[in-house]
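First to last, the sequence lines map onto chains A and B. Mind the numbering: the first sequence is residues 112 to 560 in the working numbering, read in order. Mind the numbering: the second sequence is residues 112 to 560 in the working numbering, read in order.
No wet-lab data here; the hints were simulated from the structure. Just so we're clear, the structure is a prediction, and the values are computed from it rather than from any experiment. Worth double-checking, as some hints may not be accurate.
No copy is singled out in the list; a pair is fine if it fits within one copy or between any two copies.
As the list claims (entries may be wrong) - Calculated lysine-lysine pairs in the DSBU-like style (CA-CA distance at most 35 Å, straight line):
#	residue 1	residue 2
1	349	117
2	400	172
3	507	172
4	369	356
5	556	325
6	292	240
7	240	349
One letter stands for each residue in the lines below.
Number of protein chains: 2
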Amino acid sequence: MRYLAKEVIRTAGENTAGGEVEVSGWVHRIRELGGVSFVVLRDRSGVLQIVLSEDLAAAGKLTPESVIRVRGVPALNEKAPGGAELRAVSLEVISRAAPDLPYQVNGDISRTGLETILDNRILSLRNPKIRAIFTVQASIIEAFSAYLRGRDFTEIKTSKIVGSGTEGGTELFEVDYFDRKVYLAQSPQFYKEVMVASGLERVFEAAPAYRAEKHDTPRHLNEYVSLDVEMGFIESEKDLIELEKGLLAHIFDHVGRKNAEELALWNAAVPDPASLAGAPTVPYEEALKIANDEAAAAKKGGSPSAGRIFDINPEAERLICAWAGREHGIELVFVNEFPRRYRPFYTYPLNSGEGGASSLTMSFDALFRGLEITTGGRRQHDYNAFLETLPKFGLKPGDFTGYLSLLKYGCPPHGGFAVGCERLTQKILGLSNVKEASLFPRDRKRVEP
Amino acid sequence: MRYLAKEVIRTAGENTAGGEVEVSGWVHRIRELGGVSFVVLRDRSGVLQIVLSEDLAAAGKLTPESVIRVRGVPALNEKAPGGAELRAVSLEVISRAAPDLPYQVNGDISRTGLETILDNRILSLRNPKIRAIFTVQASIIEAFSAYLRGRDFTEIKTSKIVGSGTEGGTELFEVDYFDRKVYLAQSPQFYKEVMVASGLERVFEAAPAYRAEKHDTPRHLNEYVSLDVEMGFIESEKDLIELEKGLLAHIFDHVGRKNAEELALWNAAVPDPASLAGAPTVPYEEALKIANDEAAAAKKGGSPSAGRIFDINPEAERLICAWAGREHGIELVFVNEFPRRYRPFYTYPLNSGEGGASSLTMSFDALFRGLEITTGGRRQHDYNAFLETLPKFGLKPGDFTGYLSLLKYGCPPHGGFAVGCERLTQKILGLSNVKEASLFPRDRKRVEP
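This is chain A alone, in the form it adopts within the complex (with noise of 0.2 Å):
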């Protein structure tokens, strides 16, 4: 039977009779000292000491990365990793990694450019430092589908092939099928409604979304995963901003007790998730007021400083989360009421009177650490409504087939938000582009590996 690394260090100080067990992994690191090599093994759960002896060194001529299968006894040595190393009896080769490496896995990654990492992503995903962002990834994925699963939330699986994009044809990346053009979708926005309105009422979807947009920025990817939550008989975005509060201090807590190790290796922490009640909610206007207000500060203490703010860009959401920080011990902020001009069509007024391009709406953005991570609000359920407000936007009633007939046979008040889930991984970890967050990302140049 296979031990795993922690394993065998978990359980090296009790084997006083001096049993031998069996390991399996990667040669991560080889370092000789006075005829004995001493092979740092790399499994799932981590890495171990080898100790070979000159003979088996020798027999076993090991390059970094091969698969190899190791017997021999555990034993404790506090110089060791985790205090314990396995002193081996045999050893056998099980795939010999070539020995030109074109990328040095156990290498430090700070010293490693970004294009040099995805460039090479099928070894540098091997790096321990880096494959931790995934570990990190998928707890966030468990913890969101669980806490929502929780709350009575049924998972959708929508497809992302549509006829026509929802959000009026921009930004699209068409595809052939059969013998016409179709769209990757870049939200299952209209599939959510679709299944609150179908008497699901609550429904999550943790799947791919596109946008075809050329700029290529630390923030942006073409592909991204988009963790969607939609809920019907809600009476505001408020409701939506308590969700995610609870939603986000849950993954925060289920990524801190589950990935310590991970999280310690990026010198990271998630915030106390006692502390997401604090987060504050603030009205657009009032966040563009903060963020105008914490660079003028700024500036007064010398910063230079790029003008006046005129809406809540890259520079607006890491000055009002920092306001965040000092004043709410969080860096996350609710920013809501976002004026209609800066919202999709399908967005909810706030006064339902109004409907010109100033008036406020039903929505939010959720801000983390400088970087928005959700959007979301309140939708339009009335159908006359709609109909009104699609010439607004210069759209057609003809296009919206599929929203009229949604919203014209009985639709409950109801919202939702999508967190991007590269960006809260990114966020949580500290890393500088979101790419890093994406197993094979996606932009205008890479589309391999």
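The hints should help you fit chain B onto chain A, whose structure is shown.
What follows is chain B alone, placed relative to chain A:
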């Protein structure tokens, strides 16, 4: 506070003080009887009879599918669904459904053709029996993920946009990706293998997969949800079959417990989880013989026969499952040791000395209730053997640089499988067409809604 229908039914007997509660939901059915209106209200928890006085009914002018809010007094009534009803005190119409409903939501779907159901998908999903399909599907995905997480598998999210097809370039949907052509992924096969070799060792993913197959059959979807599993350090496909047996047993157990009501709507039952251990594994050649023997016996019994069966075609799948049901008490069969010509180039040979088209492979399919629901196998992990195999399939090493760098630098023996989520849903519920098990199915003609 809003009560759910099932909460009213559960607590009606305790309501001796005649207290009022509030419910919200859709008007499922309206029946008038001697001045009183009986409205069946539908919400996410089920249905509830509402009794409306003549005045309330006249003021409400209810139409089917309208969304309403009702305050009333819960009371026992053994003639009402669930044995209780709500005697309305006030009624509010939240969203009035237009009276020209194009699809009768509360109708008997066995009298409605599949095309009608799918053409009216936005409304047909409101039918409780249809909605139940997707409640069961959500449970399948939940149980799939939970079982694997409990065995140290990590969830991954891989790109669905690929530079080239891993299966050799046929049946791919082409995407306009900025200034180049890319494709929708047929499976996460290569990425799963990369993640096994990354050191995660055990990974899973529940995500869309794409096949540009032109045929339109009750077995096929052009976009489906693939429940993918991959693990390292296996000996043969038999390790994978054992894993899948445990996985399916867990899924059946979970669905059986959680979805008793939904199963009852379809007059369906999951197999006894304990019976999974008895599911036979049959080598390909033997499976073919069983199919032909079964066909011959049926012919003798007077059934028409399509003649000799030369491969595991849909007829053979049905015959082999019927045989297993009779002989082993469960209509689940694992067919292994497929000849090389039927399997992808990366499949591991059964006898490493042989490489001809008729030699056997460490591969398997799972057939359940007459339908292939899984394909899997051990993969080639040896760099040199992989290089030698490519030309036999007419493939060029230059098109597989990703695979080659995966295998060249240390890759453990590994394998995996994929369960078709819609097919498993279909067979659990006894649906006649796999499209019924896809929320928004995509076929050659259908890309909307």
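Hint by hint, here is what the structure shows:
no., hint, result
1, 349 <-> 117, "between (45 Å within a copy, 27 Å between copies)"
2, 400 <-> 172, "neither (66 Å within a copy, 49 Å between copies)"
3, 507 <-> 172, "between (70 Å within a copy, 31 Å between copies)"
4, 369 <-> 356, "both (20 Å within a copy, 28 Å between copies)"
5, 556 <-> 325, "both (10 Å within a copy, 31 Å between copies)"
6, 292 <-> 240, "between (42 Å within a copy, 33 Å between copies)"
7, 240 <-> 349, "between (38 Å within a copy, 33 Å between copies)"
Of the numbered hints given earlier, the model fails hint 2 alone.
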